[in-house]
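*Asks:* Listed here are the chains, written in short residue letters.
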Amino acid sequence: MKLYEYLAKEVLGKAGVPIPPGRVVDTPAEAKEAVAAIGPAALKAQVLVGGRGKAGGIKFAATPEEAPAVASQILGMDLKGYTVERLYAEAKLDIERELYVSVTTDRGAKRPFVMASSEGGVEIEDVDDAAIVRRHVDPRVGVLPYFGKEMAYDLGLDGTLAREFGALVEKLYGVYQEYDAELVEINPLAVAGGHLVAADARLNVDDSALYRHKGLPRVDEGTPIELKVRDLGLAFVELDGDIAIMANGAGMAMATLDAVQHFGGRPKNFLDAGGGASVEPTAEALGVLVSMNPRVIFVNIFGGITRCDDVAKAILQVRETRGIPVPLVVRLVGTNEQAGVELLAKAGISAYSEMAVAAKEAVRLAEEGR
Amino acid sequence: MKLYEYLAKEVLGKAGVPIPPGRVVDTPAEAKEAVAAIGPAALKAQVLVGGRGKAGGIKFAATPEEAPAVASQILGMDLKGYTVERLYAEAKLDIERELYVSVTTDRGAKRPFVMASSEGGVEIEDVDDAAIVRRHVDPRVGVLPYFGKEMAYDLGLDGTLAREFGALVEKLYGVYQEYDAELVEINPLAVAGGHLVAADARLNVDDSALYRHKGLPRVDEGTPIELKVRDLGLAFVELDGDIAIMANGAGMAMATLDAVQHFGGRPKNFLDAGGGASVEPTAEALGVLVSMNPRVIFVNIFGGITRCDDVAKAILQVRETRGIPVPLVVRLVGTNEQAGVELLAKAGISAYSEMAVAAKEAVRLAEEGR
Amino acid sequence: MAIMLTRHHKILVQGMTGNQGQFHTRQMRAYGSNVVGGISPGKGGTEVEGVPVFNSVRDAVRETGADASIVFVPAAFAKDAAFEALENGIRLLVMIPEHVPVQDSIAIVTRAEDLGATVIGPNTFGIISPGEGTKMGIMPNHIYKPGPVGVVARSGTLSYEIAFALTNAGLGQTTVLGMGGDPVVGQTFISVLHHFKSDPDTRAVVMVGEIGGRAEEEASLYLKELGKPVVAYLAGRASPPGKRMGHAGAIIERGVGTLDSKEKALTAAGARVVTMPWEVADAVREALR
Amino acid sequence: MAIMLTRHHKILVQGMTGNQGQFHTRQMRAYGSNVVGGISPGKGGTEVEGVPVFNSVRDAVRETGADASIVFVPAAFAKDAAFEALENGIRLLVMIPEHVPVQDSIAIVTRAEDLGATVIGPNTFGIISPGEGTKMGIMPNHIYKPGPVGVVARSGTLSYEIAFALTNAGLGQTTVLGMGGDPVVGQTFISVLHHFKSDPDTRAVVMVGEIGGRAEEEASLYLKELGKPVVAYLAGRASPPGKRMGHAGAIIERGVGTLDSKEKALTAAGARVVTMPWEVADAVREALR
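Chains as they are written, first to last, in this note's numbering: chain H, 1 to 370; chain C, 1 to 370; chain Z, 1 to 289; chain U, 1 to 289.
It is possible that some hints are incorrect.
[Claimed, not checked] Partial selection, computed: residues in chain C whose CB lies under 10 Å from chain U: (1) Q177; (2) D206; (3) D240; (4) H262; (5) I301.
Hints are computed from structural coordinates only; laboratory data are not their basis. Note that beta-carbon positions come from the ideal geometry of N, C-alpha and C, so glycine has one too.
In isolation and in its complexed conformation, chain H is listed as follows:
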């Protein structure tokens, strides 16, 4: 789960990370109050996409008087597909220099990972490798001030900045641990008035750990239909094609998209119906696919834990209750295969056993429908 900048700043501020004065702004009138309170400020769109600045999502208001007009320009604007509903007014910093620092997990090393750069303010992927300092954290040791101080010296920082950087990395690692973060990022980490201050911040929390962070507000990211399917407990991603896809298992679902694309088709979604889903959730998932108005629905099942007869029952249930008004291609093999295939056959649906053949047929039907 990604947190909005203002929420990330709140968490970091509580942890002792220096952040500029700021407050949330939902209306032009609040923008005026905010600038009156904190002085000249940046009004920043609170959306979960990068590159807000370039896209016009950050503007400055020098006086309370001009703040409402500036706020109005951003509030309600469309930013890379997201509507801006909230701003964060933050005291304008007199930035001398921009750095970068983040804590994340290095999957390969199975360890926390700190990355810092002497060049900040741009995406870290765009920074020259020579400007980046990387360091794994030994979870047996954690992060103490010397750790970040050593990184600071490697970045060419010295004196006060090195000391502040050491304290900062310790605190960021604390947040990473305490909040089960996938990413804690400060970019840019500004030098202002000779001191470090977090000018922008990202905090992404491990979805699997949300149950132990009941205090955090829930931020739902996704299209309306994505949110709906996820509420069913299923993994779902909306794409821009016309063949709706359901498979069991994340790998199988990805492979199914791949197969469809391989034969020239365009997947409309990713849907993992789960490794061992039973009739009801499978039917619900299928219902969602129907509601998306695809040209074709392609169900690809390798029955391991999933039982093929359960899948067949789910398909028939959806056809009876709400109807399936588009062509349906079913590939069904594995546990209870025969029972499932027979159930479908009785209802006039023929199931494929080869994934390749089924995928090709789904693509063919979609082309026919165009």
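For this one, chain H is given, so just place chains C, Z and U on it according to the hints.
*Replies:* Only chains C, Z and U this time, still in chain H's reference frame:
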């Protein structure tokens, strides 16, 4: 630093340890309110000594009406040298069984240490060894629920109680770590209504770590003069003899008490003036000794980091400013010994070089003064 | 022969009295796995599927000499179960639960490293050694047969698809191992390949990878040392960046984890990378010639 | 010969630019200690007492090959300093600060154990090896001389008293080591005695103990294996229970740490326990006969 029971309970309650409903009571009127709110309650004297119950520091009030009278019996009473100024009213438990559990540090093993007993409600030293289960914590691993559950099975607990005990030990260890505790103890750990609940609690915090627990109220334990000398940053303990003692270093101060006692004298205090104290604090410490009206003052210095001339100057300063109206025995050897001895000699004070001889002389003078 | 799991392992099932635990205990025993005990606090002394249930791993290890354990507890209790196993001497640990917090997984794998224990998962289908007639996992029993191919996969169902195709093509397996779909898991491709290298019966290895992370790229550096033919199928060719494709680990983030990068690295290291899952069996047959 | 610290150790001083650090750097160098660098963040590149100052232990180790470090930073920074030293390869660490939180000390000694490093302290006067002409500590230089007696003490000034008495009696020392007055410290009597056992030049050992804890009782179990005469002086005979006698560790709590218990254990194990500090030298002389 020892916390009062009600403070310990507050900390434990926040950490998720089950505690009975309770509230602080400072007056008989408040006792009435408390019992009205929480029902039949134990009124417990908040003092930092064990064995309150036997000493009459815990009494029950069944109704709000009888509560003020019961409270009056305890408030203001003298309990092992402490005046009771505050009570804790706690809902009376219907106790089925009493257990014991604590987390502390095993110095020898250099590890946290969990101790539990199937017999609670008495001092753990008085419990039969066979009833006690002991277990070290590997700090690399910490305490997870299985740890306490295994201890619970060893205590003969089962089912719900074993599960609750596992969760409890995890939380107690969390408190031990988070609060830099020297001791977290629940005794008795009651079984009431089939569940575990902390009937009494002790929480002692490492004095050296108080700086990172600014939120904890400070509880000062000691005689007025002990508190005063400790404010000077010196280690001081008041004893019941008549020879006031100052030495540099804790070991030396202990050895000085031993020497005085060896020759038949009775030390009036323990005072470690520090391994490297300079003139001013040494003079202040000496001033306190004077104010205690001892029969003799015995200063025993082995100058390592401490400079003998500094000690001499401190002695002379105190004599000039406030006077030293009792016999003074000084033993002075080590760094700058000659300078120190000469300074004292000029002022008519002769210093000893042998600790044994000096101690014997201090004892002789004290006997003379009786 | 096989890797990591042999018929000699004495296996515990943590969370055996739950639905999943009970079902898979039955399946494992049907396959031949030597399940010697189950753990379910408060149910010690009972039996499930004819297997004794213990209150704690400690009791079970004491009574049965178990050295392996498979965990079927809810994600929130996975860390406790894993540490209970590791601290009581279990040295082969299969973690089935999904949605285990990554910080918990880091703690588990770090501790296992210190103790010299092997962790498979979390969020894995487990491990099966057909030639040894034993498994610790949730994979269907009938799709495997003994043979010369080692399979290591990130994903469950997809690996079933491929293992079944191998079996149908007459290509049996030494061991099939699921690394798990989470960002942090006990095994890496490299650690598993390293085991396959030492197993004389494994003559070719199939890697089933997917987008996300750099595990495949890192593995490519090991292929030369492996010295055995490798066929790789990678899922996620059609997946867009920035979207989590089911597995917590299957996401192309900030330019890392693209299929292109993985395919290039593996091909350059001499692996045969096939485009579609149904091409794996033929590629393996060729590799074994 | 000596234990733990020899003339070959290359020593860093962490917190060298502070008052205490500067003073004791001078004292150590005067005694002959091979101080190769000091650490003071932000002051790298300067010199103190002719010794180069570095920003970090890492830089200092890289430049000087230092393998030992003595820490003079305020207690709140002691853990950071200790880990900085240990993680950068320092394997002999002397921690001078007092009032280090016990949890920090547990973390430090646990980590040192894992790394095979030796920690002396915290709240110690350090270690001095007169025969090697080197020391890491705050003890006065002039009271020691080379000879056959090993001294291990919990307390500083008291050990000075006793070492000086030994020196005046013509009984020099191999090594004098301060364990530190805190409840949790890097060394135990046993770990130090173990070193004295292996040092052929150490012919007798003086233990300077005190009330609190069970370190002396535990040590008594080792005396047989030590195989060298031991003279013990224990401070705190006149101290009441429940009162902390200066040292955080010197307190008789709940029946543990009494002088009586220590004296009995040591005497039973064959040590000569003397009642007063001035009796130590004679007892050692007798023991060496």
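*Asks:* Would you settle whether the hint for I301 (chain C) is holds or violated, based on the nearest Cβ-Cβ distance to chain U being less than 10 Å?
*Replies:* holds (9 Å)
*Asks:* Should the interface hint for D240 (chain C) be scored as holding, given a Cβ-Cβ cut-off of 10 Å against chain U?
*Replies:* holds (9 Å)
*Asks:* Are D206 (chain C) and chain U close enough, Cβ to Cβ, to be under 10 Å, as the hint says?
*Replies:* holds (5 Å)
*Asks:* With 10 Å as the cut and Cβ atoms as the points, is H262 (chain C) at the interface with chain U?
*Replies:* Holds, because the Cβ-Cβ distance from H262 (chain C) to chain U comes to roughly 6 Å (cut-off 10 Å).
*Asks:* Under 10 Å is the threshold here; is the Cβ of Q177 (chain C) close enough to any Cβ of chain U for the hint to stand?
*Replies:* holds (6 Å)
In summary, this structure violates none of the numbered hints.
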